[in-house]
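K.L.:
What follows is the residue order along each chain.
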Amino acid sequence: MIEAHGLSKVYGTTRAVDDISFTVRPGIVTGFLGPNGAGKSTTMRMIMGLDRPTSGTVTVNGKPYVEHRAPLTQVGALLEAKAVHPGRTARQHLRVVGATHGLGARRVDEVLEMTGLGPVADKRVKGFSLGMGQRLGIAVALLGDPSTLILDEPVNGLDPEGVIWVRDLVRYLAGQGRTVFLSSHLMAEMAQTADHVIVIGRGRILADAPMATLLAGPGQEASRARAPRATELAAVLRSQGLTVTQTGADTLEIVAGTPAVAEAALAAGIAVHELAPVRASLEDAYLALTADEVEYHSGVGAPANPEVAR
Amino acid sequence: MSTTTLQRPATPSAVHLTFGRVVASEWRKLFSLRSTWWTLGLAVLLQVGMAAILGAAARAVAASGQGTLPVDGVQAASAGLQFSQLAIVALAVLTITAEYSSGQIRVTLAAVPRRTPVLLAKALVLTGVVLVTAVVSSALSVGALALVAGEHISFALPGAESARILAGAPLYLVGIAVLSLGVGALMRHTAGAIAALMGFLLVIENVFAAIPWKPLQIISPWLPGTAGSRLMSTDADIAAAQAVPHHVGAVLGAWQGYGVLVAWAVLALVAAVLVLRSRDA
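These protein sequences, in sequence, are chains A and B. Counting in our numbering, the first sequence runs without a single skipped number right up to 310 at its last residue. Counting in our numbering, the second sequence runs without a single skipped number right up to 281 at its last residue.
Keep in mind that the hints were calculated from the coordinates and are not lab data. Owing to the predicted nature of the structure, the values given are computational and were not obtained by experimental measurement. A virtual CB, placed ideally from N, CA and C, is assigned to each residue, including glycine. Please note: incorrect hints may appear among the correct ones.
Simulated coverage check for chain A against chain B, where a stretch passes if three residues somewhere in it have a Cβ under 8 Å from a Cβ of chain B [to be verified]:
# : stretch
1 : 13 to 23
2 : 79 to 90
3 : 100 to 109
4 : 201 to 212
Away from chain B, derived, C-beta distances all over 10 Å, residues of chain A [what the hints assert, rightly or not]:
#  : residue
5  : Ser8
6  : Ile28
7  : Asp51
8  : Asn61
9  : Tyr65
10 : Gly131
11 : Gly144
12 : Thr231
13 : Gly248
14 : Gly257
15 : Ala268
16 : Ala291
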């Protein structure tokens, strides 16, 4: 359980995090979504006591992180990949971190096994790929068998198999009743992983809602239609003041609900072979929410946020 | 201070922080890197090598019939410290700056969020490692000197004075190591910290000592390297300096001088702790 109250972080004149309050509950995966520079990493560092809040408080399991007697058993964090001296092996790195809490070789072997790093455990980190670095970071996070996990962009640099592995792992950990808080700018990934989403933009929380609510959130209804006389149908619909995009020889997208399209097609006597509502994706919801909040807009015609992976 | 909370007696099986475990972690951190062995080896090599060269010089001087080298054996054995201290500076600086350059510091501070124990543990581990290395190195230097110079170098100083000069080398290096750790933690940058320390110990201190300008002469005896190396001066040298009438600047005794070095080291470490606790990681 993570609880933030009125948390702010000011660097010079920049309000990186601006008076945010939220709760991350156990037993579910909570996603932390926002454009780059929105304040995700700063917030996570403040939870871990690495950055001092300018104002406000944040507690983990009822206490500030620094006050826990066994911090690694409370929170396991992956804040950046390959935050390891390149001259150490994966096993040595884990032994060094574990030693602070009396965690020894056996636990290190366990997390090496869990993260699939067994075969490279005694290789120096210097030669690790970004994906292997991420796995090592996750191994460090799991070391203390913590009740809360904080993962900053855990799928960054992972191959597709690794992405699925992280998704399964965080769902499994949440299923055990742990608190899982992970950030990502990969919105499609978030839609498949998180149960609850906190959207942040320019240091402020834009949405804090269950995934389902966010997906169904505000936004106009839209439909997709397939009709042999698509061009004709488009003209009819436009004549009724609807916005229509012809997406193929016989396909249209219409900014209107399916009933309106069906009624108009029937009245004009045009056969429609397929008609389906277009569900707003998390990406659409996210772009709608953050449209005014991204720090740097790219030029006309480009996506609102070029950093967003599609 | 936070260490007191960490020093509570621990149930051996329980998983939690103790100061002893932070020390164990720092020990493991230091010896899991090859660079540690390289720098320690280099420190030994430089001191022993210098002793061997002085031994060869003593033999050559004797062979040419010009008498003997005007240094005692124990002084010649610690002459290489001028150079071996640089390896110790590098080792001590790297124990903290390498954490910043790799990002490891955030993993370290997430595991030990009170922070202070991390620097204290590093200082403790460095002290132990440097002390043992320097004792071994001094013993090897005396051996090398005796082996190369034979009867041409004398170990003639009184026992207590010899002991002080011999023990002076490890003690001096410990002071330099802790000072370097503090400076490294304050600067957070490997090249900058090593350059600053080497420039200070090798260039600035020597320049201050050499230029006969009163303000510099007054400051010079209080600089860390100059003051600390008093511990390796002979009683006769110190007495001679003190006997000079109207000597500009203080003439520190052997242990007074070492006390000044320790004060520098403690000051640097305390400043580093305060900064580490207040700055964002």
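K.L.:
Which numbered hints turn out to be false for this structure?
P.N.:
Structure breaks hints 1, 4, 7, 9, 11.
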